Amino acid sequence: MSKKNYAGIPDKYARIDDAKVVLIPVPYDGTSTWQKGADKGPDAFLEASENMELYDIETRSEVYKKGVYLAPPVTEDSSPEKMVEAVYKTTKNYIKQDKFVTLFGGEHSISIGSIRAFNEAFEELTVVQFDAHADLRPEYEGSKCNHACAVHEASKTTNLVQIGIRSMDISETDHMDENQVYFAHDLYEDWQEDAIGQMTPNVFITIDLDAFDPSILPSTGTPEPGGLFWYETLEFLKTMFKKKNVVGFDIVELNPNKSDKSSDFLAAKLYYKMLSYKFKYANFNEEDEDE
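So the number in the working numbering is just where the residue sits in the sequence shown, counting from 1, plus 1010.
Derived from the structure by calculation, the hints contain no laboratory data.
Hints are not guaranteed to be accurate.
Under the rule of at most 20 angstroms between Cα atoms (straight-line distance), these lysine-lysine pairs were calculated in the PhoX-like manner [what the hints assert, rightly or not]: (1) K1030 - K1075; (2) K1279 - K1075; (3) K1268 - K1253; (4) K1050 - K1290; (5) K1075 - K1109; (6) K1046 - K1030; (7) K1268 - K1046.
Fair warning: this is a prediction, and the values are worked out from it, not measured in the lab.
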């Protein structure tokens, strides 16, 4: 990955000492089992971000002025276990520096490390997973750090709320709390208030981009029909940022297509929207920085 500022922002907003946000790229694709290419996701996301308008109309803000430091990528790929440990250590390091830490993958196995770090740092953590797949297998293809196991550990150590699930193996029912699962086929009902009510004050969000319907985001490793759409997802995210202390998030599973950049751009806008909500609705009691 070539080193540039996130979204091409000026250097004064990209320095680690001043930035409130840290973005950690993790270009890893060691365990995916169908379409490879998630390791190219961070570069595609960053390229799309450079072509994005930085004024958010909805929040009337330019959140990049809070400062976004683009960290060196986590490139450990000798084994899934070592990758997870590297993500964990890197994430924990920036949390200790009192940064709002975000990650962009890479496949969903990276979230095992990020969730582990946030769970150590924040009490009574809720993990909110947006995903087409349950990802609750204890082990898959000889590893507990497979993408199919992305939230198994979280299901045992945190308060896990799952949204958009529409594909899973029967064995995963043994590890699923269906009272806290919002299956895609039920999302036409009134569900958002119930989901918010099941969350503790501190929330970490993990978004597998295959949670979105492939009609709006086709470029992912395992697209599943019947997914989420843009505005319903933003409305729920906004409510979470308003009512809960979102302590960080990761976005994973962008598998870029050279001939169609729409998915890359959706991922870029989603990341920026989430930052905009965080700093619009969190109680920072700060004045905006001058340009």
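Violating hint indices (sorted, rising): Hint check: 3, 4, 6 fail, others pass.
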